[in-house]
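There are 2 protein chains.
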Amino acid sequence: MIKSIEGGICAAKGFSASGVHCGIRKNQTKKDLALIYSEKPAHAAAVYTTNLVKGAPLLVTKKHLADGQARAVICNSGNANTCNANGVEIAEAMSGLIAEKLGISPEDVVVASTGVIGQPLDLTPIAAGIPPLVAGLRADGAGCDAAAEGIMTTDTVKKEVAVSFELGGKTCHLGGIAKGSGMIHPNMATMLVFLTTDADISPALLQRAISTDIASTFNMVSVDGDTSTNDMLVILANGMAGNPEIQEEGEDFATFMRALGTVTVGLCRMIAGDGEGATKLLECAVSGAADLQTARVVAKSVITSSLLKAAMFGADANWGRVLCAIGYSGAAVDVEKIDVAFRSPAGEILVCRQGSGVDFSEKEAKRILLEKEIEILVDLHGGEVSSRAWGCDLTYDYVRINGDYRT
Amino acid sequence: MIKSIEGGICAAKGFSASGVHCGIRKNQTKKDLALIYSEKPAHAAAVYTTNLVKGAPLLVTKKHLADGQARAVICNSGNANTCNANGVEIAEAMSGLIAEKLGISPEDVVVASTGVIGQPLDLTPIAAGIPPLVAGLRADGAGCDAAAEGIMTTDTVKKEVAVSFELGGKTCHLGGIAKGSGMIHPNMATMLVFLTTDADISPALLQRAISTDIASTFNMVSVDGDTSTNDMLVILANGMAGNPEIQEEGEDFATFMRALGTVTVGLCRMIAGDGEGATKLLECAVSGAADLQTARVVAKSVITSSLLKAAMFGADANWGRVLCAIGYSGAAVDVEKIDVAFRSPAGEILVCRQGSGVDFSEKEAKRILLEKEIEILVDLHGGEVSSRAWGCDLTYDYVRINGDYRT
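Residue numbers (this note's numbering), protein chains in the order written: chain A, 1 to 407; chain B, 1 to 407.
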């Protein structure tokens with residue numbers, strides 16, 4: 001049984017976290033440096049952006065995680081340390097400074113950065129911020145809150161999820177924090193997501209778990225179709241729950257996957273619902289697909305359509321845009337079999353049957369679409385496979401935020 | 001020599017056009033029905049959307065053009081006649097009504113519709129509009145203006161281009177009108193584009209000409225990434241210039257292609273610059289690519305990025321978004337060789353060299369980006385091939401227009 005709990009990344013035994021304002025961002029009320037620390041060595045696995053332009057911190061982290069081990073994560077916001085001539089040098093220096101202060105090896109540090117691309121990252125505020133950052137480490141919810149705030153950019157809410165579950169008679173915990181907002185269209189990886197667990201699981205199975213999970217979770221999220229240069233998901237597993245180490249697929253691995261999926265879907269919904277400028281969380285639920293690829297391609301195409309996203313902002317049941325997005329998705333579907341409905345806490349309404357419009361009450365549709373969480377239900381009537389994708393509406397605020405992001 | 005002239009689709013001999021308000025649209029000051037007519041039978045060729053959801057008029061037009069012949073084009077705006085159970089029936093009836101009035105065969109009619117998807121198209125206003133539509137046919141610029149207005153939806157300006165050129169000692173003309181605005185991301189076809197020419201060219205070569213041309217023109221335009229269900233480009237060639245019929249590739253075909261490209265690039269720039277809500281025309285010029293596919297993929301990815309489009313709206317030289325869009329484009333490029341510059345009538349400024357930022361004056365960049373036409377210059381330094389793509393900025397008005405399009 002998977003149970004939702006408080007505590008985020010500090011829910012798992014042996015993990016502490018902190019966050020401070022060190023001065024990378026001019027706004028002094030916003031934390032811009034975060035730390036996650038495991039009191040014991042942890043197995044670690046990660047997935048990274050597929051963008052050919054990769055942030056320097058990702059290159060350094062990949063090298064550090066080659067042995068499947070890590071004990072700390074340091075992450076700054078306000079500057080992505082990407083497309084800078086000295087990026088790798090700075091990321092190595094960040095690792096070295098925090099490792100020295102924590103008394104661990106620099107190779108056991110995960111380093112991450114998020115923010116504007118192409119502006120040199122100054123090490124001075126980071127160096128100054130490290131002593132208070134380490135001094136502030138706490139193993140409770142307040143520690144998680146501080147770290148979650150430290151990694152935020154244009155996010156408006158902190159994103160934390162945690163669960164407890166049982167493995168081999170031992171209670172395990174798994175929690176995560178994430179930052180999302182803009183440049184969100186992960187491909188084989190995700191935005192910045194940091195997960196911790198006290199479950200004992202081998203590095204190989206840990207990697208398999210996250211690589212499998214992201215295909216149906218973070219890779220099904222889109223805010224604006226732009227795949228970031230700095231997407232990264234990292235998980236640390238320190239084994240302090242004391243369960244027998246998971247070394248192969250089986251019942252324990254399945255339980256771990258369910259716990260993982262509960263946390264990652266929760267974070268996906270938070271990332272989509274807090275997309276830049278968003279007023280609504282959109283979820284496209286595709287059913288009746290012939291295969292998983294078809295279901296995923298259709299769901300992602302619908303959730304990515306600028307026209308549909310703008311219609312949802314206006315609470316306009318413009319289902320033709322759903323069909324249009326399915327039609328250009330590249331998936332092989334029979335258009336004349338497709339049903340489309342909209343659902344929200346206010347009700348559900350069928351708007352298209354077998355590819356053609358049905359008579360429906362515009363007033364009722366508007367009432368349903370004025371809610372904050374909208375499901376777009378697509379039944380392809382072509383098979384038994386389902387998939388979901390998450391996104392948000394396209395609003396004036398998205399334009400405002402991105403029309404003048406750097407200044 | 002290709003010479004720009006006035007007259008649009010009426011520039012070519014033997015073509016007349018008209019447009020009326022028949023009542024499909026509630027706004028009585030906006031024409032919603034257009035007609036193009038050739039006094040002699042014309043060779044005809046067309047390309048259509050690759051969207052699996054296809055407007056009923058496209059299916060009917062495709063059937064009518066099977067013999068490579070047509071004499072008239074009828075097009076309504078305000079309703080796309082797509083995803084309606086009776087769509088084909090209505091499109092056939094439109095063809096029949098106009099053919100009867102013109103005294104031609106229904107098989108020689110091209111029928112097109114644009115507007116909202118999934119609402120039944122009422123034939124009554126169209127039937128009532130046909131007599132004044134035919135009575136209003138004019139072979140001058142006023143006829144072209146009326147037709148160009150009749151096909152507009154959220155377009156804010158009429159889009160007409162025409163050229164004259166010589167073939168076999170005869171002066172030929174080629175002109176076109178287009179509607180663009182939203183749901184613009186053509187794939188192997190385009191928005192509604194109607195071209196006329198009095199050049200004599202065989203149906204096979206006419207088809208080859210437009211199929212070749214669109215790959216570097218309309219298929220390189222994007223307003224919002226949504227490939228419409230109703231994209232169509234049709235060309236009518238009535239041979240009235242009296243040149244020897246073009247039956248094979250050679251010098252005359254090359255001249256025809258240059259004339260065609262002049263008209264289509266002109267229309268592309270108009271469609272992009274008048275994208276829904278747009279305040280700026282963006283042109284991404286990619287050079288130094290290893291092959292044409294790479295150049296095109298990179299140019300289109302840059303022009304399609306929501307983040308870059310929003311930055312251009314804000315006149316923000318956020319070139320990191322250009323590199324990001326190149327990185328996720330799928331093209332195999334060496335990121336560390338890429339140079340990026342912005343150019344406008346106010347000047348040119350280099351912002352990124354070899355994949356990293358260079359010192360530049362933000363004030364100077366702002367001055368350049370405040371202009372209405374912006375070029376984004378990308379040099380991949382990986383070969384000799386170039387390509388261009390056209391788009392527009394992402395603005396508050398795009399959200400406003402599409403948040404409440406149907407009401």
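Be aware that one or more of the hints could be misleading.
[Claimed, not checked] Calculated pairs, EDC-like style, for lysine to aspartate or glutamate (alpha carbon to alpha carbon, straight line, at most 16 Å):
1. B:K366 <-> A:E107
2. B:K170 <-> B:E92
3. A:K363 <-> B:E92
4. B:K63 <-> B:E39
5. A:K63 <-> A:E89
6. B:K63 <-> B:E6
7. B:K170 <-> B:D67
8. A:K63 <-> A:E107
9. A:K366 <-> B:D404
10. A:K101 <-> A:E166
11. A:K62 <-> A:E89
12. B:K363 <-> A:E89
What the hints contain is simulated information worked out from the structure, not anything from laboratory work.
Each hint, compared with the structure:
1. B:K366 <-> A:E107: violated (42 Å)
2. B:K170 <-> B:E92: violated (38 Å)
3. A:K363 <-> B:E92: violated (33 Å)
4. B:K63 <-> B:E39: Since the Cα atoms of K63 (chain B) and E39 (chain B) sit roughly 22 Å apart, the hinted pair is violated (cutoff 16 Å).
5. A:K63 <-> A:E89: holds (13 Å)
6. B:K63 <-> B:E6: violated (33 Å)
7. B:K170 <-> B:D67: With Cα atoms ~27 Å apart, K170 (chain B) and D67 (chain B) exceed 16 Å; violated.
8. A:K63 <-> A:E107: holds (8 Å)
9. A:K366 <-> B:D404: Holds, at about 11 Å.
10. A:K101 <-> A:E166: Roughly 35 Å separates the two Cα atoms, so the pair is violated.
11. A:K62 <-> A:E89: The hint holds at about 15 Å.
12. B:K363 <-> A:E89: Since the Cα atoms of K363 (chain B) and E89 (chain A) sit roughly 30 Å apart, the hinted pair is violated (cutoff 16 Å).
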